[in-house]
Structures are given as structure tokens and as C-alpha cells.
Amino acid sequence: GEMAKLPQLLDNEAFRAYATYTTIVLLKMMLMSLVTAYFRITRKAFANPEDTASFGKAESAKKYLRTDPDVERVRRGHLNDLENIVPFLGIGLLYALSGPEVSTALLHFRIFAGARILHTFAYLIPLPQPSRGLSWAVGYSVTISMAYKVLKTALYL
Amino acid sequence: GEMAKLPQLLDNEAFRAYATYTTIVLLKMMLMSLVTAYFRITRKAFANPEDTASFGKAESAKKYLRTDPDVERVRRGHLNDLENIVPFLGIGLLYALSGPEVSTALLHFRIFAGARILHTFAYLIPLPQPSRGLSWAVGYSVTISMAYKVLKTALYL
Amino acid sequence: GEMAKLPQLLDNEAFRAYATYTTIVLLKMMLMSLVTAYFRITRKAFANPEDTASFGKAESAKKYLRTDPDVERVRRGHLNDLENIVPFLGIGLLYALSGPEVSTALLHFRIFAGARILHTFAYLIPLPQPSRGLSWAVGYSVTISMAYKVLKTALYL
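Protein sequence lines correspond, in order, to chains A, B and C.
Mapping to my numbering: the first sequence position 42 is 42, numbers consecutive.
Mapping to my numbering: the second sequence position 52 is 52, numbers consecutive.
Mapping to my numbering: the third sequence position 62 is 62, numbers consecutive.
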């Protein structure tokens, strides 16, 4: 079939920066699934009976249906990622389309990505507070700053 | 560097309306993190040992590692936001790009945002059912309606 | 008001394919809310006191405030959807904008949607492992493949 020309969003530098950092933070979030799987397997702590079938008879495998503090910690980190990266995904996209200075956009995206990576280390190691709290607050504030720019540019109620 | 001209999505009224209401519902969702923090601190109910370190010695601080009904209620509301606002984020974007009447688009976005704000009040106060159930169903139906328009306009399997 | 012409993203075939499959997987994810509600009602297992009020006096209704294995299973499936469909939503959008071959894009989107639908069946029936694990891994790999294309096309650090 004939193909319509796609508006060249990815020719724009601010949009390319958004594409880059969004992909990075989403890949980082996806990594949490692998970390969870790693801890479930090494700690032998599963959520579903069918996941423990390879450990032998139903009766003896039952003891692996349990929660483990390390697994639960990774899961909390994963959920915190969802709660914070979903707003970045949406508000960041609109911000990138709102015509920001490239340098200002880069500053927002870099700080957000750095804060979320720090947040993951602070959660998983874990580092003493307020490491995790501060890294969370930095990412949160960056998102608020982008939301302000979006509403200032686009407000249409 | 030279900057490519960004396609002016935000010159379009339906897209501006999407940008506005998406930012509003995402900010509302982000507020749930602050409400959770507020209840965790006032109810002294934490999920991580490092969060209770400021309450004294490890032994005495341990009793603050617990679940609290108010904290869990806010967390359920936050998760329900994720489950419903993520579909709105994606389907609403595609709907805004599908060339809807501005007035029809505004109607969808306003009802969705209003329903999710009501849902939060219904969950946190809490209001007797079916307040929460109905506000959930209204937001859900608006999203289905937008999905129908997207598939009618764009279907390409 | 006068309306600005929207960049015709939905004239592009790869973008239309993205719109179609994203809407499908988001609708599938939304279905999990209905499945949860179905199991909560048939198993009489609720999370909020106000949800059990119709079952009679506070005291006798209290016993329905409990967790149920079937409800928890659906909830785990729903959360797994969120963890995997959110990355698809963001990375898939950027991938569709990165100028892929239409046939390659369709291949990615079809496999992802098929894998997530299989994952839901594997979780809810449940099918013996590694059905669920494999369907999860296929969707995950498709997302990684799209992320690679996005970063190759758009990288701007």
C-alpha cells in the first residue's frame, strides 16, 4: 500500500530527547520484572501453585507459596516506578510537544531519569533514608514542573 | 543545533483539550502518593525498615512496620487510578488524533476527569456504595466510547 | 472557533497499526477489572467495608472482607498487564514514529498482542508453566526489540 508521510516528530530535538529518556526509564522499569524473577527463584518464594510444580509433589511444593521480604521489596519498587513513570510518560510527551527550549527539556529529562535510577538503587540496596525519599521527590518535582509548562501552553478547559 | 519544526499538535483544539485533561488526571493520581505519605506518617505505618529508623532503635521501631486500614485504602485508590488512567492516557491520545468534534472530545474528557475525581472522594471519605462503583463505571464507559471511535477511524489489523 | 489542522498521524499505516493494537491490549487490560468484579461478587470477597453493606448488618457482613485465591490471581494478572502494557504504550508509540517498515511494525504489534492475550489465559485458567512464563517473555522481547529501534533512530542524550 501507499504510505502517508509521517509528521517528523523525531526530527525535533526536544522530542528525540523525550524518546530517548522515556525509553531508558521504561527499560529500567522493565528490569524490575527480571529482578523480581531472580529473587523469587533464589528465595524460592512464589505466588502461584503452578510456578512451584517443578519443585516436586504438590504437598512438598506448597511451602514455596509464600512471601519473601526481598521479593516484596522489589515489588514495591516496581509499583513505585509505575506510579511515577506513568505520569512522566504522559506529561513528558505533552511537554516535549509544547515547544520547550531543548536545553531546558534535556535538563528535565536527565534529572528525572537520574532520580529514578537512584531511587531504584536506594530501594534495592537499601540505602538509609532520606536517599529514597529525596530521589522520589526530585522525580516528582520534575514532573510537576513539566505539567506546569503543559498547562501554561495548552490549557483548554 | 538547528531545530526541526515540530508538528503543531498543540495548535489543535481537541489535542489541547486532551493535553489539559490528561495533565489534570495525572496530577490527581500523583496526589495519591502524598496522601499515602501523609497517612503513613500520621498512622505510623511503614513498609520498609529504613523508613522507621528515625523512630528510635531497631527493636522499638519494628512495631511501625505494619499495615494500616487508612494507608491500604489510599493505596487501593492509587492502584485503581493506575488501572483506569493508563487506558485513558493511551486511548485518549489516539482518540484526540482521530479527528473528533471538539465539543464531543471535550465532553468525553470532562466526564472522565470528573468521574475520576469523584471516584477518589468516594474512595477516601468513603461514600456509601454505589458512589464509588458508579464513578468508576462512568470513567470506564467514556474510555470504551473513545476506543470505539479510535477503532472505527484507524482499524488496521 | 477555528480549528488548526491536525498532523495526520492516523494516515500513516504503521501508526494506524499502533493505534489498533494499543487499543486492543488496553481494552483487554480493562477487561481484568470486570473479571475481578465478577470474582469478588461470586466469591463474596471484598476489600472495603462499604462494599459489603448490602449483605446485611455490619457484624455479619464483616466476614466478606477477606482475600480469595481467585480474586488475588486476577489481580496479579491485572498488575502484570500494567507492568508490561505501560512500556508497550510508550515504547510502541515512539517505535511507530521512528519510521519502521509497516510489515515489521505489524509483526511486532501482532506478536505482542497475541502474547499478552495468551498470558491472560495462561494466568486465569491457569495453564501449567512454562505457558505463562513464555508468553510473558515473548511480549517482553518484542518491547525490547522496539526499544532498540527507537534508540537507534532517535538517540539524543
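Don't take every hint at face value.
Pairs involving identical chains hold if they fit within one copy or between any two copies, as the list cannot separate such chains.
In silico lysine to any residue, SDA-like type, Cα no more than 25 Å apart, as pairs [as the list claims (entries may be wrong)]:
1) Lys149 - Gly114
2) Lys44 - Thr153
3) Lys152 - Ala137
4) Lys149 - Pro126
5) Lys152 - Leu27
6) Lys149 - Asp70
Since the hints were derived computationally from the structure, they do not count as laboratory data.
Note to self: Hint compliance check: list the failing hint numbers for this structure, sorted ascending.
What the structure shows: 2, 4 and 6
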